[in-house]
Structure formats: structure tokens, C-alpha cells
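Engineer: In case you want the letters, here they are:
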Amino acid sequence: MNVLIVEDEQTLSREIGIYLAKENFTCDIARTKREASEKIYVNNYDFILLDLGLPDGDGLSLIEEAKNAEKEASFIVLTARGATGDKIAGLNLGADDYLAKPFSLPELHSRMQAITRRRHGLKKNTISFYGLVMDIQNRTVSCGDKEVALTKKEFDILHYLLLNKNRVLTRLQLTEHIWGNILEDDYDSNYMDVHIKNLRKKLSAFAETDWLETVRGIGYKVTLK
Amino acid sequence: MKLRSKLSLYSTLSKLLVLIAFIVIVPIIISFVSTQHTDSRLTNMKDKVIKLVDKVGIKEFLEEEEDSVFASYNILKEEYISIEPTDKVIPSPVFENTSRIWEDATVDYRLLTVTFRHAGHLYLMEIGKSLAVVKDLNGVLQRVAFFVLIISFAITILLNIGYSNYLLRPFHLIIEKKLKTVNHPEKFNFETIPTTTADFVYLDQTINEMMHKIKNTFAREKEFISNVSHELLTPISVLQTRFENMLSEGRLDEESYMRIIDSLKTLNRLKKVTNTLLLISRIENAQYLKNDVVSLKDLANEVISEIEERFTEKNIAAHILFSDDFRMQASNRDLLFTLLFNLVNNAIKYNKPEGEIFIRGYLKDEYFLLEVEDTGIGIPAEHLSNIFSRFKRVNTTLTEGFGLGLPIVKTIADFHEIRVEVASEPGKGSIFRLVIKNS
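Chains A and B supply the protein sequences, listed in that same order. For the first sequence, my numbering gives the first residue as 1, with consecutive numbering after it. For the second sequence, my numbering gives the first residue as 226, with consecutive numbering after it.
Isolated chain A (complex conformation):
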């Protein structure tokens, strides 16, 4: 899949590019609105990651421009301005999602996957792993015809780990995904461990759980071939 990263901060676009490349995205970078406009016109992108504050103007108009040129790209607005108005304006103009900077790379990746799923209908709406099936639409995990009773948070944690499979997710990344932007100052809590412990306990009644690894001192990882 092709991604255009529209971002004037070069180091940031490079880091995003490195991460996405490993997830098999082909990344292109534009540093100004004009450059982005040209690239959107010439190429076909699946995703356009759009920073709003560009040196030659507000990036929001690019969304309309792309729609007018009948480009099918999905837009994710990335902004550090954080003004509440930006979000509303962005989503009204047809952006598919919105992420406030600083965001974590796994978070960006999972948002992109969610958009892909929405775009390509509901064809692949389940994830199968080790004899278990996760139904993303209905938010259930089942083993055969038996459902594993997970809480909302347990489901979200497992889903996030599965989306970012074969990568270590730090407690912080998981915490941020689950609790989002609730401003709280416990930056090193072990609540995540409690959730993972419960999750393992519930899943172990149906299957082995050694694929849900604890990476000591860092976080968790789901290994999936």
C-alpha cells in the first residue's frame, strides 16, 4: 500500500516512514503543500498522513483537492496545534481519522488498519490465532462455538496486540491506547499487568497462551506467524 506523508518536520516524516516500511507500506514524503498537491495529482495513494501546519499554508484544503481529483486516498490528519476546532474541521472535510501529536507509531498503524478494514468492506473482519477467532465487528473472541467472556478493556488490549503482532508493545503504548487522552499522571503503572494477567487466565481455559509473551521490563508481544 502506498502512503504519502505530508509533514514539514523531516525527522518526523523519516521516522514514520521507517516504521511503516516495516509494515510493508511504500512511503512517499512531501514537505510542503505544493509538493503534496503535485504528488497527490500524479500518484495514487491509499493513505495520506496530513500535517495541518505546513510552511506554505493550511493542509486542510488538500483533502478537498484530492476529493475533487477523484482520488480515493484515506486521510489521517496529524496535528500538533491540537485546537479543538481543527479536529472538527478536518473530519467535516472528509478526513478519515485524526491523531494529535505526539502519537505513538503502533497507534497510527492500528488506525490505518481500521480504515483499511472499513474501506474494503467487511470481508476480512476476523482474526484467527491459535484456535481462537476474534470478531472485530461484534467485539467477541471465541473458541469454536464457545465465547470467551472478555471485558471491553481486555478485548481492546488483545486487539491492539494482534494488530501490532510480532512487535513488542510497551506498557506505555498499551496504556495510551486504552485510556487515550485522559490526563492522568500515573506514567508507570502496573494496571496493564493486571489486565494481561486476567486476559491470560480467561484465554487459558480454551487454549495455550504462551504466544502472549511478557517482555521483561518493557511490555508485551503477540507472536503470530
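FYI, nobody ran anything at the bench for these hints, they're computed from the structure. Virtual Cβ for every residue (Gly too), placed ideally from N, Cα, C. There's no promise every hint is true.
[Stated by the list, open to error] To give a feel for the contact side, a few chain B residues facing chain A, derived at Cβ under 7 Å: (1) S451; (2) H455; (3) L458; (4) T459; (5) R476; (6) K496; (7) E534.
Based on the hints, put chain B in the right spot on chain A.
Structural biologist: Chain B only, in chain A's frame:
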């Protein structure tokens, strides 16, 4: 009380006072004037009679005999004249009210008594005018006077109220259209209020100028916040993504790995502080809408379910006790959530293991009170005044937190015009009480 009402009341009361004074004084004046008038007519008549006597002689009136008396009155006894000889001189004319009996009827008269000389003899003359006639006239005069007075007072009062309303209308408009919206510089109406009164024009202009300044300051502040936000969050963003990439590349030895994790934690702290300060600035800059209607009971339940693992971890029991629910109008749901979340989070953080938390909601007088009580370590009295200030941590021995939870609470509360009260007893616990006006 409004100025308009006060002015109307003042003008009505002052007119009433004048009216009462007139009602008391007018009869006195009228009777004085009519007495004067009667007296001068009597004097007139006396002069005429004396002239007549001089002309036709006293014999026309009096017999020759010693005690003969002349008396004449008209048939309704409204006036009478009597002349008789006398030896006693009355130095000046005497006016008095007196009664005379005429043919079995007592009649009250205004009486003029004089003595005069004619052909060497001294005569006493009395001229009387019936007081009934005078009083009748007085009555009529008084009634007319009262009627005219009351009508003219009523008219002037109405005119006064009408005119003062008309005069004060621009002032009223300034209050309604402008002063009531000063808290929202974005929505302020800069339209000139039409008036010819110089004072109001000046007032209107001054308010507009002030609001222009405030609006500009607000806009500059907004711009500033937005720039600071960009300048601070972009580098954090760069560092975070770089560290995350370093982690995921897996080329580091274990020690470097741990150091990156630590750096990410430090960076996260920086990010939270920055975001918190930006949040506080944005709230103070009125960048949030207040369009939601929030059930505080639902909100409390939501906060509890969002944070339940913390209760479980410390084995703390949470009790939600709402004797009344309260639907808060014109509020921002996300901000109120953050407010309550911070209070409950603190109640857990500073609680003892196996402690309790009570979230109470109830109506009291014209207020709705929302309390978060814990059984924790409490706050010493000397620190109570500081807990809402930024970057002042009360208990420095605690490793958790960096003291922005309560400033957020205060800022959001202020934004919603909620008063925050704190009661605390060290070692026993604290109560944070939100006092919300029930309008």
C-alpha cells in the same frame, strides 16, 4: 432594583408627596383667599352704604327715637346690614365670624363691624355675609382644584415614566446586548446602540473599545497557544517516534533497551505536562464549547468504570450515593469527565489500602453538591490553600504525580462556574465538594 424602576418609583413617590402637601394646603389657601375676598366685599359694601347715608341722610334708615335700629337682609338671609346709634367708637373695622338668629333660624355670618359719624352722631354698622354661601363656594373650588391636580399629576407621572424609559432604553440595551455577553468575547456584539444621549454614547464606545482589546488579547493568546503547542509537541513527537523505532528494530543490547524505555517514560511525562498546561490555557482561552447536557450520576458511574482497576488494585471500595441526579446544562462533557476523573483518581492515589471512596450527589437549597470523599492521608490545613496552584505538590515524599491534577480540576470548575470546596483532616481523609448552581 433596576435604575428604570428606581427612577419611576422616585418620580411617583415625589409627586405623591407633593400631591398630599397640596391636598393639605389647598383648603387652607382657598379659605384664606375667600375670607380675604369676602372681607373686601364687606368693606366695599360698607363704603357704599356710608356714601348712601351721606347722600340721602340717616333718616331714610333710622327713626328719630332713641333706640331705633335699621336692619335689612335679603330674603334668603345671605346678606344683612344693620345700623344703630352708638356712643362707643370702634377704632378700626372688626371682622369676625358670628351667628345671628333671624326668625328662629341661626345663621352663621362673616361680620364687619364699624362705627361712623354722620351729622355729628355716632353710628354702629354691621354688615354680614352668610358663611354657608362662602363655604359652598370653597367646596366647589376645592373639588375643582383637586380634580385638576390629580389629573395633571397622573399625566405627569405617566409622562415621566415614559420619558425616563425612553431615555434609559439605550442603557438597557447596553446591559442586555453587551454587558451580559462580556464573558464571551467571541460572541460579543459590537453594534452601536442608537442614542443621542452623550453619556450613553460614551459608555457604549468605551465598552466596545474594551471588548476589542479583550478580543484581540484573546485572539493573540489563542495564536500563541497554538504556536507553543506546535513548537513543543513537534520535537516530542520526533523523539517519541525515533525511540519507538529504535525499540522495534531490536538491534539494541538489553541495557540500551532499558534506557530507551526510560527515555520514553520521561518523554511521556514531558508530553503529559505540556498537554496539561495547554489544556489549562485552552480552557482559560475559552476554546471549548459548552453544548452538552450531562447527567452527573451517569458521569460518576462512567468515571468509576473507567478507573475500576485502580480500585481493585488497592482494594478500595467505591460507593456512589446519589440522592438526586442532576442534569448539568451548558457544559462540556469531556471536560467534566476529566474533572471528576482527576478527583476520583486522587481519592484513590492518596487513599489507604482497603480504604473507601464515597461519591455523593444531592440537592441543597439552590445548589447541587457533588462530593468525592476518601479515607486517605488527608491534607494538612496549612497546605489547603496551595493545592490548586500549579506545580506545588503538597506531600513531597510521594513519588507519584507532579501536581497538575487539581489545577485542572480548578480550571474546569471555573470554566463551568462551579465552586470547589475542600475539607480535610490529616490521617482521616479529604472531601472535595463541587458546588453547582441549580438554575
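Engineer: If any of the earlier hints don't hold here, list their numbers in rising order.
Structural biologist: 5
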